[in-house]
Amino acid sequence: MATYHKSNMLTDTPLSFCPGCTHGIAHKLIAEVLQELGQQGNVIGVAPVGCSVFAYKFFNCDMQEAAHGRAPAVATGIKRVHPDKVVFSYQGDGDLASIGLAEIMHAGLRGENITVVFINNAIYGMTGGQMAPTSLIGQKTTTSPFGRTVERQGNPIRMCEMLASQDGPAYLERVMLTDYANVLKAKRAIKKAFEYQIAGKGFSMVECLSTCPTNWHMTPVQACQHIKDNMTKIYPLGVFKDVGGAK
Amino acid sequence: MATYHKSNMLTDTPLSFCPGCTHGIAHKLIAEVLQELGQQGNVIGVAPVGCSVFAYKFFNCDMQEAAHGRAPAVATGIKRVHPDKVVFSYQGDGDLASIGLAEIMHAGLRGENITVVFINNAIYGMTGGQMAPTSLIGQKTTTSPFGRTVERQGNPIRMCEMLASQDGPAYLERVMLTDYANVLKAKRAIKKAFEYQIAGKGFSMVECLSTCPTNWHMTPVQACQHIKDNMTKIYPLGVFKDVGGAK
Amino acid sequence: MEQGIICAGFGGQGVLSLGKMIVYVAMEKGLHVTWLPSYGPEMRGGTANCSVVASTEEVASPLVSTPDCLIAMNRPSLDKFINDVVSGGMVLINSSLIDIKVDRKDINVYYIPANDLALQHANERSSNIVMYGAYAKLNGNIGSMDEFEKILIKQFGKSADKDKIISAFHAGYEEIKV
Amino acid sequence: MEQGIICAGFGGQGVLSLGKMIVYVAMEKGLHVTWLPSYGPEMRGGTANCSVVASTEEVASPLVSTPDCLIAMNRPSLDKFINDVVSGGMVLINSSLIDIKVDRKDINVYYIPANDLALQHANERSSNIVMYGAYAKLNGNIGSMDEFEKILIKQFGKSADKDKIISAFHAGYEEIKV
Amino acid sequence: MQVKIDFERCKGCGLCVNACPKKVLCIGDKSNKGGYFVARVDKPEQCIGCCACAYMCPDSCVEVE
Amino acid sequence: MQVKIDFERCKGCGLCVNACPKKVLCIGDKSNKGGYFVARVDKPEQCIGCCACAYMCPDSCVEVE
Amino acid sequence: MAKKLFKGNEALGEAAVLGGCRFFFGYPITPQTELSEYLSWRLYDVGGTFIQSESEVSAINMVYGAAGAGARALTSSSSPGISLKQEGISYIACAELPCVIVNMMRSGPGLGGIMPSQADYSQATKGGGHGDYRMLVYGPSTIQEAVDIMYNAFDKAEQYRIPVMILGDGMLGQLMEPVEFPPLKQMPDPSTKEWATTGTHYGKDRRIVNSLYIVASENEAVNIKLQAKYDLLRKNEVMCEEYMCEDADIIITAYGTVARICKSAVKALREKGIKTGLIRPITLFPFPTEVFHKYANSDKTKKFVTIELSTGQYNEDVLLSVMGKKPVEFYCRMGGSVMTVEEIVNKVKEVY
Amino acid sequence: MAKKLFKGNEALGEAAVLGGCRFFFGYPITPQTELSEYLSWRLYDVGGTFIQSESEVSAINMVYGAAGAGARALTSSSSPGISLKQEGISYIACAELPCVIVNMMRSGPGLGGIMPSQADYSQATKGGGHGDYRMLVYGPSTIQEAVDIMYNAFDKAEQYRIPVMILGDGMLGQLMEPVEFPPLKQMPDPSTKEWATTGTHYGKDRRIVNSLYIVASENEAVNIKLQAKYDLLRKNEVMCEEYMCEDADIIITAYGTVARICKSAVKALREKGIKTGLIRPITLFPFPTEVFHKYANSDKTKKFVTIELSTGQYNEDVLLSVMGKKPVEFYCRMGGSVMTVEEIVNKVKEVY
Ligand SMILES: Cc1ncc(C[n+]2csc(CCOP(=O)(O)OP(=O)(O)O)c2C)c(N)n1
Ligand SMILES: Cc1ncc(C[n+]2csc(CCOP(=O)(O)OP(=O)(O)O)c2C)c(N)n1
Ligand code: SF4
Ligand code: SF4
Ligand code: SF4
Ligand code: SF4
Ligand code: SF4
Ligand code: SF4
Ligand SMILES: [Mg+2]
Ligand SMILES: [Mg+2]
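So the sequences go chain by chain: A, B, C, D, E, F, G and H.
-7 is the number of the first residue of the first sequence in the numbering used here; add one for each residue after it.
-7 is the number of the first residue of the second sequence in the numbering used here; add one for each residue after it.
72 is the number of the first residue of the third sequence in the numbering used here; add one for each residue after it.
72 is the number of the first residue of the fourth sequence in the numbering used here; add one for each residue after it.
22 is the number of the first residue of the fifth sequence in the numbering used here; add one for each residue after it.
22 is the number of the first residue of the sixth sequence in the numbering used here; add one for each residue after it.
23 is the number of the first residue of the seventh sequence in the numbering used here; add one for each residue after it.
23 is the number of the first residue of the eighth sequence in the numbering used here; add one for each residue after it.
Since the hints were made in silico from the structure, they are not lab data.
It is possible that part of the hints are untrue.
As the list claims (entries may be wrong) - Capping the alpha-carbon separation at 20 Å, the derived lysine to aspartate or glutamate pairs in EDC-like fashion look like this:
1) 43/E / 171/A
2) 26/G / 218/C
3) 25/H / 128/D
4) 54/F / 170/D
5) 91/D / 32/H
6) 324/H / 264/H
7) 289/G / 129/C
8) 176/C / 195/C
9) 49/B / 227/G
10) 316/G / 242/G
11) 322/H / 312/H
12) 26/H / 129/D
13) 49/A / 338/H
14) 25/E / 153/A
15) 221/C / 187/C
16) 51/E / 86/E
17) 25/F / 221/B
18) 26/H / 170/H
19) 289/G / 150/C
20) 132/B / 221/B
21) 289/G / 245/C
22) 54/E / 150/C
23) 207/G / 177/G
24) 215/H / 171/A
25) 297/H / 269/H
26) 91/D / 202/H
27) 248/D / 232/D
28) 347/G / 338/H
29) 51/E / 170/C
30) 183/A / 76/A
31) 49/B / 29/F
32) 43/F / 29/F
Stated by the list, open to error - One-sided excerpt, in silico: chain C residues whose CB lies under 7 Å from chain G:
33) 98
34) 105
35) 132
36) 133
37) 134
The structure displayed is predicted, hence computed values, not measured ones.
Glycine included, C-beta positions come from ideal geometry on N, C-alpha and C.
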């Protein structure tokens, strides 16, 4: 029998996410991992523009708010100044895979020694449900009102695969925040990512398939099921890169 | 026995490239292919910012000069207005793989029905020899004066591989402009790329390993040899994606 | 005549459409109207509100900073706006969720148990319709009961719950004794 | 005293370093100096030039639009700048590559077969050194022959061709008969 | 074993309810200041202390002890 | 077979010279207005008309007929 | 035609379509997103193209491409997104391409907030991008006016081959008002534009869309040409509302939604016996300098009062127009806070 | 110390290092590339960091990160690249981060040319990015002055927590002049900055670098704070050279390299008996308004003549300072063309 307490790497400020949004789960996993790794007072985080724009209110460490898509550049600037601190960015799919694609890819190519937690919810949550580069084919959003088609809106982007096509990243894994077992897996992945950073192995990213009950127009429980049933078909879970013992 | 005449898809304006720069070969291959495909009066080209910034002076068709890195976006705008015209962009490695990375990747993901000729010369030629994202490890440039290292300047970027990791592109090939046989291969690749566009198959790109004798500080002949000996190790030639008969 | 209205409540209580329906009534009447919602992430889970202006003249400012009429669907909304209501103005309070009384003496306050009446006549989501009815009763200068009802039917004519919704409207209307 | 100089020629003829060496001489002399190159893609394969100003006072404008002295290493450069030279100014012409004569009567023109002398005394690339020698002879107010030679030695002291280069310098110096 | 839910923090999303293998939790009929119907410990005695509920709660309002 | 080189367009890069399997071409000692020493057809009789030179010339100054 | 209740953003989208726009390239941002959401289906109705681009930078360059190809192309964003477009706008201005750009300003600087602001005034009118260029900039104050301006914006853009900017704020974008729409125009055939890259040209008459002029004299010639165009705009395109100015002792000046609040203030002040008027520029570039001259030189006018949602950006143009002839008082709110009618009334009473 | 002959771009790089800069993030562009090339090895000498970023957008955001983390970070570019940085600059200004940005202006608009220009003046001084923010903007005219300014720029930036821009042009960047360098300063330890994210904080005293203020009143408070800072700059940081103005009938005004040409013109005009002076602002924001007031109010001064490499961007500030008290004549060149001494002399004679 286990016990569970809110992590001390989260502040007491109530999260600003909608009910049942798994952004919240991602937040607490990061907090728990940092706590377990004993990194209190050793972390700088970077918040993106997106529903997690207020991340700086929630993580109990030094934080910088980045311009939309530029979190990897901001994190790079920070990490170069404080190479011995743990630096992470937290980014949505619009932020990371659309406007900020060049920044994340080049941070990966540089092997920048940071950890990125990438929340793929296949939608622009913050701005009210527009299509994301990761939106599924067929998905109706406010800017793909007839459902996304390859012809009209192009193909969903696969970030783990894209980063894995290059040298630079040390660790890439895709997980989902849908149920207890998978949340535990996600936590292990996030922990490994941070451990790699602490060991100086370079760029690590964990892509979390995450829900947006509000803009998917589903209940939180349905939304989790939707990830399992549909999202994982396009975004298979697994480790895409792991340099293992190598630096 | 063959005959050879300057293509009528090139203007008479002398090219602005340095002596022996294979940008010139890429230019004429495109011109020859368009001529052979009978596309005179049916083409709109997009010139980048880079040594080929004056491409609009050389190609004998309608041309638009794009902002640095944005040629794929400009070409997208054009193609959507004139879907029945052949639209191509011509871009250097700084232009396409550094500042314009998001634009090329998203054009590829959209399966934008355009052809991109990508000149990878592992250097910023135009601005006088700075490091490019494609510069080789060990390569000395004016901004990697001690030679590029993975630690300091990160890893060379592989664009064909990156695009091939995603759905969208129809045809991706890497060639080199170093000798007669390879130039003929390059021509075939460029031809195929344009043929795919004309057939409506979507995004095609030919990456040309190209010389920069001036900033590599080599003779043109040495520069060609350098590609064969060194560049192809990091940038292997070949077809990275070919949807073939499929649309 | 110019009336500035603020409708405010939780996101999900339908305050934006409540405001919009009032606008439609005023528009039909030939009045000049504007409708301005609060917008952006503020809406997420939190409170929502809109400013409505109905006027016999062209509406200059659509921003209602000192409302003639406040419709408060929950406690935070009441707290936020109550002091801005003009002297002599009216306040409609959803007393199902707001258990305090307003102590300003210079305004007319009406307590409507909107959630209770909604549940009774239609469903939880119709509390805004109850308030709409109450507002209709108090604002004959914006439109008659029929005119308010007409707009309601336009909005919900095709809904399976049409009749229930109209009944909720009337419940609100009747709740006000003038 | 203020002298504005333009050195111009093909990229590769060393006109920029020629200008720079003159600047060093003037600097040693305690004069105020500026050196401004043409820059950018214009240089690619095309022509290059630089503006040099040497002055007893602080240099106001470093841009030489009307040179007191023009050193033209090839034909396009001569054509480009010859009309801007001030009346009474001097022009040094590389007659190895420029086969025409200047027909302005208000300026002093000197023809130096710089490429030929360079080949004779050192190598093709030293034509700028020959011109440097010629300039030295004509501009005692900027520095003495020794002072010019000192700068040359500073630049090429470690070169294997040091002696040849100095010899090219003297050839240019001697070529001017004043 | 005790499961506690932070009444004011809870948003009534139901993820904890769904996660609990023992159906210990349910959504109650009381709403908090945010207007949310808060999750409630319905059958505390069934709890096996697996923490599934706590892990799944996006708002960190479940404590298990 | 005739190989012609455009004197003013040529930049003397030597790629044609290098490409020719028959050593037909060489860099001459005459420079053009651009200051380049221009390639020259040295042994026209050896030419087999393979067009390697023409294909390799970046400045399209070689014509083969 | 009957008036319809329309949200500002959506009304602008509809007016663009009616005005012949068939291409939209944009990236979501509050408080203008409804414009693109609207066009995401509306453009399909009329056979147009809607692309949600990967970024604002990409969007403006798609506009560059489409406009250069002869189409009527629109993009829309809000402050931070517009900042990202500055390079592209400078390119479009220099290449003399017609297009329309909407900026629904939000409060800044930085990420700021999403409430109304006018703090991108200098950026819009004086060139936030590099180089000496201008846009034709409109600052509508009602949705009907925004619709009318948008409806004609492409005509103006093509007439002058210039980017047109419509400068609004969240209030204008989010507001609903009854509005009357004009009839549908078709997009002119690109091939009727003698400068557009339609892909049909070969050889001598091929067309080049460009902003590179490496020779200074050529680049200067282009700039001289642009300046001549801007002078033409100053001559022909000024739009300005003068409201109760003739007999006014005090003239308030403001633009956009703020001017609406000022109008209420003018009424309130006149009720209190203070003769107040309002100068409301509708074009922000070209600026209605002449109108200010007229009143600055009139004996009647005692004072001007500038009201804006920025710290004097608009007031600079007022000062440059009044040129010291009369005192100019100033009142502003910042960061998304909007002044009330009472504040303006008080300010005027204070300086009266 | 002996003077060394240095290229402007490289001298700026050296001065940055001497002034304590240890981080550079930038992207190549003519005519400033030598600055980054120089720093690519020079920063390693002093244990610093040089990153050639993937773009200008990325560069300015790396600066944001590094500056927020307490370091002295520099970026450098030229006009089109600076346009791309506008969003980032606005963020930096709002988050009150100290940093230095160099803009070696080239001619525009669009891709334009690479020759000298001053057409980014409004962008630099009035906010090319969104929102009401300012930078401390210097316009040095000699390499020595540029070096001295750069050497102290980080101190100023940190004192006011503000981005500092050094505005030059290709002429300044490419020019070589003898220059004297001050001694090496070390970068202050980030941990001495009570606002920097050094990663050592946890819980209550953790630090947040931010520009998001979703509540209008909070966003307004930030703006009020920023404006107070700008007023302080206006009070304390104005720098201006007055050259032979006391007895001048005509006062030329110009900044940067153009002012050097004007100085030659002043000398030439005085030789011709025309009493001319020069006002040369060294800070462009804050603008030396008082200096202009002084001469505008003096009976001696008859006229001002503004000379610039843009179409009146700088002149707007001159006009706003002279405020109609004396005539202001104007002469400019554009697109990379630079006026000669003779042109200025002729202009002054013409209006004399
Ligand atoms: C430059 C810029 N462009 C656009 C926006 C508006 N914007 C805010 S968040 C967002 C997208 C958010 O989507 P995502 O990154 O997927 O995060 P989510 O909200 O889904 O978690 C956008 C487009 C902005 N703030 N800045
Ligand atoms: C926004 C912007 N940034 C930078 C530049 C400067 N610039 C011009 S070309 C170039 C790089 C050219 O390199 P590449 O794309 O590899 O082309 P190449 O010259 O090697 O053919 C750069 C950085 C610019 N013109 N615009
Ligand atoms: S909008 Fe979607 S992603 Fe954003 S907080 Fe709500 S549910 Fe989560
Ligand atoms: S600089 Fe290099 S890439 Fe550019 S033209 Fe010269 S050789 Fe070719
Ligand atoms: S700890 Fe496990 S058994 Fe107990 S309530 Fe939570 S999920 Fe149910
Ligand atoms: S998961 Fe958390 S927020 Fe959701 S209902 Fe359960 S306790 Fe409440
Ligand atoms: S055609 Fe062939 S053989 Fe003849 S010159 Fe050219 S390369 Fe040599
Ligand atoms: S390849 Fe062409 S340019 Fe080069 S030397 Fe031969 S002919 Fe001349
Ligand atoms: Mg998302
Ligand atoms: Mg390159």
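So, going through the hints one by one against the coordinates:
no., hint, verdict
1, 43/E / 171/A, "holds, 15 Å"
2, 26/G / 218/C, "holds, 18 Å"
3, 25/H / 128/D, "holds, 16 Å"
4, 54/F / 170/D, "holds, 13 Å"
5, 91/D / 32/H, "holds, 16 Å"
6, 324/H / 264/H, "holds, 16 Å"
7, 289/G / 129/C, "holds, 12 Å"
8, 176/C / 195/C, "violated, 31 Å"
9, 49/B / 227/G, "holds, 13 Å"
10, 316/G / 242/G, "violated, 35 Å"
11, 322/H / 312/H, "holds, 17 Å"
12, 26/H / 129/D, "holds, 16 Å"
13, 49/A / 338/H, "violated, 43 Å"
14, 25/E / 153/A, "violated, 41 Å"
15, 221/C / 187/C, "violated, 24 Å"
16, 51/E / 86/E, "violated, 24 Å"
17, 25/F / 221/B, "violated, 32 Å"
18, 26/H / 170/H, "holds, 14 Å"
19, 289/G / 150/C, "violated, 31 Å"
20, 132/B / 221/B, "holds, 17 Å"
21, 289/G / 245/C, "violated, 38 Å"
22, 54/E / 150/C, "holds, 13 Å"
23, 207/G / 177/G, "holds, 11 Å"
24, 215/H / 171/A, "violated, 43 Å"
25, 297/H / 269/H, "holds, 7 Å"
26, 91/D / 202/H, "holds, 18 Å"
27, 248/D / 232/D, "violated, 27 Å"
28, 347/G / 338/H, "holds, 17 Å"
29, 51/E / 170/C, "holds, 15 Å"
30, 183/A / 76/A, "holds, 17 Å"
31, 49/B / 29/F, "holds, 18 Å"
32, 43/F / 29/F, "violated, 24 Å"
33, 98, "holds, 6 Å"
34, 105, "holds, 5 Å"
35, 132, "holds, 4 Å"
36, 133, "holds, 5 Å"
37, 134, "holds, 6 Å"
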